[in-house]
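First to last, the sequence lines map onto chains A and B. The numbering used here puts the first residue of the first sequence at 14, with every later residue one more than the last. The numbering used here puts the first residue of the second sequence at 3, with every later residue one more than the last.
Among the clues, some could well be false.
[Unchecked claim] No farther apart than 30 Å at their CA atoms in a straight line, the calculated lysine-lysine pairs in the DSSO-like style are these: (1) Lys29/A with Lys21/B; (2) Lys255/B with Lys199/A; (3) Lys82/A with Lys52/B; (4) Lys126/A with Lys248/B; (5) Lys171/A with Lys83/B; (6) Lys200/A with Lys166/B; (7) Lys255/B with Lys126/A; (8) Lys199/A with Lys83/B; (9) Lys29/A with Lys334/B; (10) Lys200/A with Lys52/B; (11) Lys171/A with Lys166/B.
Just so you know, the hints here were simulated from the structure itself, not pulled from any lab data.
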Amino acid sequence: MKSFKTIKSIATPFDKVNVDTDQIIPKQFLKLVQKTGFGQYLFYDWRFEKDGKPRSDFILNDPKYRNSKILLARDNFGCGSSREHAAWALLDYGFVAIIAPSFADIFYDNCFKNGILPIKVDGEELEMLFKNDSEIEVNLETQTIKTDRTTMPFEIEKYRKKTLLEGLDEIAITLQCEDRISQYEKKSGLYN
Amino acid sequence: MPKTLFEKIWESHLVAEEKDGRSLLYVDRHLVHEVTSPQAFDGLRMNRRKVRRPDLTFATMDHNVPTSDRSLPIVDQISAKQIQVLERNCKEFGITLFDIHSPNQGIVHVIGPELGITLPGNTIVCGDSHTSTHGAFGALAFGIGTSDVEHVLATQCIWMDMPKTFEIKVDGKRKNPHAITAKDIILSIIREIGTAGGVGTVMEYRGEAITDLTMEQRMTICNMSIEAGARAGLIAPDEKTFQYLKGRRHIPKNYDELVDFWRENLSTDGGAHFEKSFTLNVNSMAPQVSWGTNPAMTTDVTGTVPFPEEYAKGNPDEEKAAIKALQYMDLKPGTPMTDISLDRVFIGSCTNSRLEDLIEASRVIKGKKVSPKVRAMIVPGSQLVKRQAEEIGLDKIFKEANFEWRESGCSMCLGMNPDILARGERCASTSNRNFEGRQGAGGRTHLVSPIMAAAAAIEGHFVDVRELDMI
Numbered sequence: 014m015k016s017f018k019t020i021k022s023i024a025t026p027f028d029k030v031n032v033d034t035d036q037i038i039p040k041q042f043l044k045l046v047q048k049t050g051f052g053q054y055l056f057y058d059w060r061f062e063k064d065g066k067p068r069s070d071f072i073l074n075d076p077k078y079r080n081s082k083i084l085l086a087r088d089n090f091g092c093g094s095s096r097e098h099a100a101w102a103l104l105d106y107g108f109v110a111i112i113a114p115s116f117a118d119i120f121y122d123n124c125f126k127n128g129i130l131p132i133k134v135d136g137e138e139l140e141m142l143f144k145n146d147s148e149i150e151v152n153l154e155t156q157t158i159k160t161d162r163t164t165m166p167f168e169i170e171k172y173r174k175k176t177l178l179e180g181l182d183e184i185a186i187t188l189q190c191e192d193r194i195s196q197y198e199k200k201s202g203l204y205n
Numbered sequence: 003m004p005k006t007l008f009e010k011i012w013e014s015h016l017v018a019e020e021k022d023g024r025s026l027l028y029v030d031r032h033l034v035h036e037v038t039s040p041q042a043f044d045g046l047r048m049n050r051r052k053v054r055r056p057d058l059t060f061a062t063m064d065h066n067v068p069t070s071d072r073s074l075p076i077v078d079q080i081s082a083k084q085i086q087v088l089e090r091n092c093k094e095f096g097i098t099l100f101d102i103h104s105p106n107q108g109i110v111h112v113i114g115p116e117l118g119i120t121l122p123g124n125t126i127v128c129g130d131s132h133t134s135t136h137g138a139f140g141a142l143a144f145g146i147g148t149s150d151v152e153h154v155l156a157t158q159c160i161w162m163d164m165p166k167t168f169e170i171k172v173d174g175k176r177k178n179p180h181a182i183t184a185k186d187i188i189l190s191i192i193r194e195i196g197t198a199g200g201v202g203t204v205m206e207y208r209g210e211a212i213t214d215l216t217m218e219q220r221m222t223i224c225n226m227s228i229e230a231g232a233r234a235g236l237i238a239p240d241e242k243t244f245q246y247l248k249g250r251r252h253i254p255k256n257y258d259e260l261v262d263f264w265r266e267n268l269s270t271d272g273g274a275h276f277e278k279s280f281t282l283n284v285n286s287m288a289p290q291v292s293w294g295t296n297p298a299m300t301t302d303v304t305g306t307v308p309f310p311e312e313y314a315k316g317n318p319d320e321e322k323a324a325i326k327a328l329q330y331m332d333l334k335p336g337t338p339m340t341d342i343s344l345d346r347v348f349i350g351s352c353t354n355s356r357l358e359d360l361i362e363a364s365r366v367i368k369g370k371k372v373s374p375k376v377r378a379m380i381v382p383g384s385q386l387v388k389r390q391a392e393e394i395g396l397d398k399i400f401k402e403a404n405f406e407w408r409e410s411g412c413s414m415c416l417g418m419n420p421d422i423l424a425r426g427e428r429c430a431s432t433s434n435r436n437f438e439g440r441q442g443a444g445g446r447t448h449l450v451s452p453i454m455a456a457a458a459a460i461e462g463h464f465v466d467v468r469e470l471d472m473i
């Protein structure tokens, strides 16, 4: 996994609650057996007309946001299916940070496993970001979002911050606990 | 200190606890399917890692398998490839696979319990959000993404932040248990607490109306915990649970001993503290029908399509969502739910495709014909369910009524196989998600119980099944 670097970009305001992973990446694109190439299908049914032409009224098709790396969203973003393809599609499209008041649990986990930073921001600060029209800076090291006018801090679990900043391989870390896993298996063994 | 059932299972599976708050949990059973696993196996190969416990890992193919004649080759080449990749991966890593021709093939959350792979007190994971289903057995079961599938394959463990506890107390007695089903209970709960009501929690369902339920009905309840956003759903095991699992193919040899242990240990202590609590009474519950594009957008069959502002109760984001949902569903506020006509009916999915679901549906289908306007299909959850249904003649009842009787799989719950809605088609579905496009781009889904779906197929529109003579 790539380590997370500070990003500066305009944020794409996605003004909708309960965006589910079926919308982020519709099921007809889940049959690929690799992790790349999903970006072209991101929000497919919302982004394109029936004939495959981009829908002019869909926010991602606004040229202003073409190179945006930050997605600004509403409550319960990423609910529904556990498909990690949703995170792969967002990353492949170019989003590396998602700011929302709340996320669905499995999606939230999936983001971190792929180097995407989901940030929880609420209330006035969120509204301020939705109104903001210029570039913002997301700095994980200092846990801040900076706009032209203000700097807002955000919370993040320590270990998640470390994993992202260092781009750590979680499996390698767990395998260092091998002794404890074997011990558990010996001691418990109730079901195995 | 008194503990909740969740806390007991959590503590008994702790391998390590870090100072930063996260815990490493041991996984007793890992279920694998074709859609969310290929990238995980690739990751293992790239890093030259093995599957740590192939004996605790079970795989099947369910999401994209066709439900038509199994002796024919799969037409969709990309689906065929995904299925072949799972076969190859299971062979290479030594994992038990119930393949498309296996007599035990089926939806992963249907076959886990019916094969006795699912056990009380277990931790169970699967790369599928409806893994919460297995909570009906008092197992801590949750869906994970593909990175975690790879992690569990390699380590048999998973890192987690401890979820909060959420008591869902369901009191009362259903007036007519054929008409008011487990599906109506869980839809009513989600309607009240919302699709994010359970985020960050494990919901334990308790109370008379829960213990009254059969195991299959409890699975329907736990299955949809994820639609309320919960990490997992949980019901304490009881004699019904132990009886259901007895004699099943994969239960451990010391089963009776385990039952004694479970009886002793797997319940929430009196006085245990839940961080959140919600109570619902089923005494006057009506059959539920969803009208919108998430499962909380649901109302009584006797009700009408709501006005957005009435649904939103002052929340502007929810009001916007409701306006958009009504547009997508092509419904007008004030329309009686029973006036909504249907093009399709789907009885199936990990929510409602078990033998009891089919028996219930058959009660209103027997001797009747599907409305000529409607195309209706029944997709049993597993090959075993299919055989059992055929042994008691259900297939004949369905076929004589012009229902399609198909092979087992996830089918039109998510439409990854050829079973999909055409643009604009309206479907009464026993599945779990009415998201936009879920059953096919532009398709419109109404979530209901099996008996409500069956009655809608016959009449061509929704009906209040409490008014039917046969139930």
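Here is how each hint holds up against the structure:
Proximity of Lys29/A to Lys21/B is assessed by CA-CA distance (about 37 Å); at most 30 Å being required, the pair is judged violated. For the proposed pair Lys255/B and Lys199/A, the alpha carbon gap of about 18 Å is at most 30 Å, so the pair holds. Pair hint Lys82/A plus Lys52/B does not hold up; C-alpha atoms about 36 Å apart against a cutoff of 30 Å. A threshold of 30 Å between alpha carbons decides the hint, and for Lys126/A with Lys248/B the separation of about 39 Å lies outside it, so the pair is violated.
Among the hinted pairs, Lys171/A with Lys83/B is inconsistent with the structure: their alpha-carbon atoms are about 41 Å apart, more than 30 Å. At roughly 27 Å between alpha-carbon atoms, Lys200/A and Lys166/B fall within 30 Å of each other, so this suggested pair holds. A hinted pair counts as satisfied when its Cα atoms are at most 30 Å apart, and Lys255/B with Lys126/A does not qualify at roughly 38 Å. A distance of roughly 39 Å separates the Cα atoms of Lys199/A and Lys83/B; the hinted pair therefore is violated under the 30 Å criterion.
Under the criterion of a C-alpha separation no larger than 30 Å, the hint pairing Lys29/A with Lys334/B is consistent with the structure, at around 21 Å. A distance of roughly 23 Å separates the Cα atoms of Lys200/A and Lys52/B; the hinted pair therefore holds under the 30 Å criterion. A threshold of 30 Å between alpha carbons decides the hint, and for Lys171/A with Lys166/B the separation of about 19 Å falls inside it, so the pair holds.
Violated hints for the displayed structure, listed by number in ascending order: 1, 3, 4, 5, 7 and 8.
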